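Number of protein chains: 2
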Amino acid sequence: METKELRRIDEHKLRKFTQDVFLSMGCSQQDAQLAADVLLKADLRGIDSHGVARLIGYVRLWDKGRINPSPQIKIIHETPSTATVDGDAGLGLVVAPHAMNIALEKADKVGSGWVSVKNSNHFGIAGYHALMAIEKDMIGMAMTNASPLVAPTFSKERMLGTNPICYTFPAGKYPPIVVDMATSTAANGKLEVAQRKHLPIPSGWVQTKEGQNSLDAGELKNGGSLLPLGGDREHGSHKGFGLSSAVDIFSAVLSGASYGPWAPPFVAFLEPAKDQPGQGLGHFLGAWRVDGFRPVEDYKQNIDQWIERFKAAERISENQSVIIPGEPENLAEQANRREGIPLVDAVINDLNSLADRFKLQPIRFS
Amino acid sequence: METKELRRIDEHKLRKFTQDVFLSMGCSQQDAQLAADVLLKADLRGIDSHGVARLIGYVRLWDKGRINPSPQIKIIHETPSTATVDGDAGLGLVVAPHAMNIALEKADKVGSGWVSVKNSNHFGIAGYHALMAIEKDMIGMAMTNASPLVAPTFSKERMLGTNPICYTFPAGKYPPIVVDMATSTAANGKLEVAQRKHLPIPSGWVQTKEGQNSLDAGELKNGGSLLPLGGDREHGSHKGFGLSSAVDIFSAVLSGASYGPWAPPFVAFLEPAKDQPGQGLGHFLGAWRVDGFRPVEDYKQNIDQWIERFKAAERISENQSVIIPGEPENLAEQANRREGIPLVDAVINDLNSLADRFKLQPIRFS
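Quick mapping for you: the protein sequence lines, in order, are chains A and B.
Per our numbering, the first sequence starts with residue 8, numbered consecutively.
Per our numbering, the second sequence starts with residue 8, numbered consecutively.
Isolated chain A, as found in the complex:
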């Protein structure tokens, strides 16, 4: 994050503004609140690539008629522990929490619950949805497919999204463990930062349109592609590709959404491919009740010990301990609630253009 470019805004002001934009798109009060909550959660947790920076992107998709602000979200298939939901082209920010609630209800009744979703679009951070399981003492899971930007090992074609996987584990006296990761080596947000700063990127993040490894983040705009976690075959990129494939299949093949290179792009200036094999983007959400396996108190005693033991693992450098998955995001959330959410100028400009358009109060930093 570039400190010189950013200003901080109070969480509640930004939340109200975001909600007003969704209301202006025609969302119900309830849906606008929910969608704003999902975006704000990303900004609070320091995952600013997935927060209000994307608000203008959702508006542009709505302009193109690709987002239905008043969807009829419905279950189209189910068993006691599974369901498929049709998102009716609604905001993924609304469809995914709705689907996760269905998964949580099923888990309440039979121990675990699983919902595949079709006909949706970008759902924000996977962590939001998976974290919904935590207060019920459940383990949460969320995946989604996404705009094709990643090439499989041995290919130069963009066939997959950054397809994240998220697992959330409740703990006892500590914050939950949150594994929330793109299955590419680097997420798009990190490339954007490198591009803005004109810095070279590490090997294994990006390849050119001919499939050659590159240290220039700009190659992505020249028809290049992101690489699966691992970077190249020798460093395990077939594993990143395998995980990304699994996310695509769970999210889109299992639900009847559009998969692989057909996944509809988030940027509104790219049209979805013709001859779509399914409907919209897909997600896969689920939860397991901890007490479906053992008493919650026994589990919590062990998970707390797990956290303490990993935190105490021998360090390579005295200044850097092991980072428990989710720890940086938990710390960011505490700081940002206290000090306000940092925004870069480019995002502030986008938000103020939305204020203009929808006749809302511009963003204030008082």
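Mixed in with the good hints there might be a few duds.
Intra- or inter-copy, both count: the list cannot distinguish identical chains.
As the list claims (entries may be wrong) - Derived DMTMM-like pairs (lysine to aspartate or glutamate); straight-line CA-CA distance at most 25 angstroms:
(1) K307 to D95
(2) K228 to E85
(3) K216 to E241
(4) K116 to E85
(5) K180 to D282
(6) K318 to E217
(7) K318 to D239
Hints listed in this document are in silico derivations from the structure and should not be mistaken for laboratory results.
Predicted model, so just to flag it, every value in this text is computed and none were measured.
Keeping the supplied structure of chain A fixed, place chain B upon it in accordance with the hints.
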């Protein structure tokens, strides 16, 4: 694989021999057959590090009293879609398929089934167990924790196993998709090959005991450690660490097995750590019915199209297409069934020492 060192043996002869060794350890006929089937499946699929090469390792654990050849495997906790199984220190090769059958029965009834297992040990290839879902038109999943060899990002301490994750997806006219991967950059088997051949290994596989990256596979024997998928922080090793942590928690914290650095080692010359927080190794197994989400025929039409589209993705080199996860193992299985299972001399010697000890016919290559 080093062709000069290997000879091929007919699958059925090797199966019979393996079964006889398990019978000699005191396993029932049924358990010996099953355990041999799991090991042979690894050799057939070309994952020779997890096949009969490990048979002598199981015998040594039994010698130490760490394997119970006649376990009372039982469900100790359950809901309609979840259960925890106590493996009673039985062979993981027997305990895991037993637990997977419980998961499949639950999935039959309520759409999905999940079983965490404690008090087990090494279960062979994850793929065997997850593949059990395929003939029922279910998606399979298998994970296990394992002997601590992998250091978390920023640590020089061996805290995690190579902790594999496996997903299996049934297809229509094609073999199933099998994503079966260690969450370390490289599996131990690949390091052993490099060591035997005195070849340098790629950067990002191994670090020294001081936590410095190394190109020498031998550093593992000098107190070094394997690295999580990604290799270093810049290349996403925190993601490999996150996945490996998730596997450890699902397999061992959720079940009540021993987790992290306490996971009991596979090699019998290392004693399990004192003050174990749980019992034995843990696994996590499960399955989702495809028709819990949509009609199987619709899914199969889409998954076949997925395979065809990825196979046809633009190549970087004309000679190398995209490899569908599981494809090399499927091809190896066809070849090895036809031509026999290749064994290196070191493994043949180990097997013949078992033949001596248990008064069995030595391995013949006629």
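Results of checking the hints against the structure:
1. K307 to D95: Result: close only across copies, 23 angstroms inter versus 39 angstroms intra.
2. K228 to E85: Classified as neither; 42 angstroms inside a copy, 52 angstroms across copies.
3. K216 to E241: both (20 angstroms within a copy, 23 angstroms between copies)
4. K116 to E85: both (14 angstroms within a copy, 13 angstroms between copies)
5. K180 to D282: between (51 angstroms within a copy, 22 angstroms between copies)
6. K318 to E217: Classified as between; 18 angstroms across copies, 43 angstroms inside a copy.
7. K318 to D239: between (31 angstroms within a copy, 18 angstroms between copies)
Comparing the model with each numbered hint stated earlier shows that hint 2 is the single one that does not hold.
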